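A.B. asks: Residues per chain, in single letters:
There are 2 protein chains.
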Amino acid sequence: MRRLLLISSSRVHGSGFLEFCREAISEHFAGVDEVLFVPYALADRHEYEALVADALEPTGIKIRSIHHADDPLEAINGAQGIFVGGGNSFRLLKTLYDLDLIGPIREAALRGVPYMGSSAGTNMACPTIRTTNDMPIVEPPSLDALKLIPFQINPHYLDADPNSSHKGETRMQRLQEYLEENSVPVVGLREGSWLEIAGETCWLRGNKDMILFRQGIDAVEINTGSDVSFLLMPK
Amino acid sequence: MRRLLLISSSRVHGSGFLEFCREAISEHFAGVDEVLFVPYALADRHEYEALVADALEPTGIKIRSIHHADDPLEAINGAQGIFVGGGNSFRLLKTLYDLDLIGPIREAALRGVPYMGSSAGTNMACPTIRTTNDMPIVEPPSLDALKLIPFQINPHYLDADPNSSHKGETRMQRLQEYLEENSVPVVGLREGSWLEIAGETCWLRGNKDMILFRQGIDAVEINTGSDVSFLLMPK
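Listed in order, the protein sequences are those of chains A and B. Heads up, the first sequence is in the numbering used here, so the first residue is 63 and it goes up one at a time. Heads up, the second sequence is in the numbering used here, so the first residue is 63 and it goes up one at a time.
Accuracy of the hints is not assured; some may be wrong.
No copy is singled out in the list; a pair is fine if it fits within one copy or between any two copies.
Unchecked claim - Cross-link-like lysine to any residue pairs, in silico, SDA-like; alpha carbons within 20 Å at most:
(1) K229 - E81
(2) K270 - P203
(3) K209 - V246
(4) K229 - P120
(5) K229 - N195
(6) K229 - L163
(7) K270 - D133
(8) K124 - S245
(9) K156 - V200
(10) K209 - R168
(11) K209 - H130
(12) K209 - L241
Keep in mind that the hints were calculated from the coordinates and are not lab data. Fair warning: this is a prediction, and the values are worked out from it, not measured in the lab.
Take these sequences, add in the hints, and give me the full structure.
C.D. replies: The following block contains the structure:
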């Protein structure tokens with residue numbers, strides 16, 4: 063049974079790195095001695111590992127980054143828990159393809175190894191990375207991702223600033239363009255919120271409501287604390 | 063001899079669509095009876111054509127959108143001038159690949175057919191679309207673009223808002239991540255500015271300075287009105 067903790071962002075205004083969701087992380091990884099950390103979304107893997115280890119130190123969760131492993135596949139196959147950190151989604155996905163880790167991480171998560179993603183790590187859990195905010199700084203062989211859930215998430219979802227004079231597309235416009243080309247629903251997940259998925263149940267947690275985009279229907283706001291398991295049902 | 067007008071954005075705060083650069087457009091397409099418009103970055107091609115035709119009506123430039131052509135390749139090969147409009151860069155690039163138009167547009171521009179791009183159309187002129195701001199809503203077969211210039215442009219370049227509480231990457235951070243993975247320089251082109259390229263000369267025009275990002279060097283601001291032909295020189 064899949065157990066996924068999919069966080070919008072590791073950083074939230076006015077709080078330390080992963081601090082706002084520390085309790086949820088503790089519960090998610092209860093009974094896990096050591097979590098395998100996947101740092102590939104950032105360039106400096108050592109520094110990233112230290113940041114995460116420090117942030118989770120109060121929970122007692124030990125962190126070991128996969129970049130230390132001689133055999134990353136073996137590390138995935140032996141992991142008791144997996145945390146895929148944020149950064150650039152294209153760099154992360156390309157590295158997972160380069161190391162042939164897409165299938166193994168997917169299989170681990172589907173057989174019940176607790177998976178946690180933040181930002182780019184949350185994008186990874188989706189069918190594709192077509193709703194990432196990131197710049198395509200490298201070219202993965204495909205935009206297909208881990209497909210742990212049947213819907214898309216847009217992390218760091220941002221409401222338009224009515225006072226902005228900038229003419230680039232708003233986040234809402236970008237996701238509407240996504241729906242011009244794709245029929246998969248998208249959850250706009252605001253910073254400070256996350257989805258908790260266990261098998262066929264899915265709950266929205268954290269301090270922000272989410273916004274749900276579907277083809278041919280107006281976007282709707284859904285309150286935090288809601289049961290959103292319908293997102294997991296086959297269409 | 064290539065003649066390129068590469069605009070950051072068609073819309074600028076406080077001005078109509080393409081209004082702020084209308085004079086430059088007139089000069090760029092002087093002597094051209096009809097400009098072939100490439101609308102593929104947006105979903106509604108008819109509406110887009112009408113918008114552009116209206117915006118350029120005061121210049122006397124006639125617009126004909128390529129989506130009317132039975133044979134798009136023939137339309138490119140017969141074009142006196144080409145304008146590739148903004149929208150989603152991934153959708154635009156994928157459509158150009160699907161229609162086998164990458165080579166023909168490149169060849170037309172390199173033999174001297176005046177090329178104008180705005181936003182996504184400016185991304186197209188670069189070696190790749192790796193510095194686009196757009197969401198990867200569709201998957202082109204490659205991120206390689208028209209390669210009309212040897213450097214990258216980031217259109218709609220946006221300075222960080224010091225008062226923002228949002229934790230997504232700033233534009234500068236995204237471009238620094240690009241340079242972690244690529245050695246090609248990037249021009250951050252602010253809304254209201256454009257590059258005029260004729261053969262081996264390149265000038266920055268419009269009402270905003272640009273910012274130049276290069277690997278291993280601090281980013282530098284360059285005043286509008288500057289000769290930036292050095293960007294075209296081989297490394």
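A.B. asks: Run every hint past the structure and note whether it holds.
C.D. replies: Going down the list of hints, with the structure as the test:
1. K229 - E81: between (34 Å within a copy, 14 Å between copies)
2. K270 - P203: Close neither inside one copy (35 Å) nor across copies (37 Å); limit 20 Å.
3. K209 - V246: within (12 Å within a copy, 33 Å between copies)
4. K229 - P120: neither (43 Å within a copy, 23 Å between copies)
5. K229 - N195: Answer is both: 17 Å inside a copy and 12 Å across each meet the 20 Å cutoff.
6. K229 - L163: Neither, since 39 Å and 28 Å both go past 20 Å.
7. K270 - D133: Answer is neither; intra-copy 39 Å and inter-copy 50 Å both fail.
8. K124 - S245: neither (40 Å within a copy, 37 Å between copies)
9. K156 - V200: Both. Shortest intra-copy (7 Å) and inter-copy (17 Å) distances satisfy the 20 Å Cα cut-off.
10. K209 - R168: Intra 7 Å, inter 37 Å, cutoff 20 Å: intra-copy only.
11. K209 - H130: neither (26 Å within a copy, 39 Å between copies)
12. K209 - L241: within (18 Å within a copy, 30 Å between copies)
Consistency note: the structure conflicts with the earlier hints numbered 2, 4, 6, 7, 8, 11.
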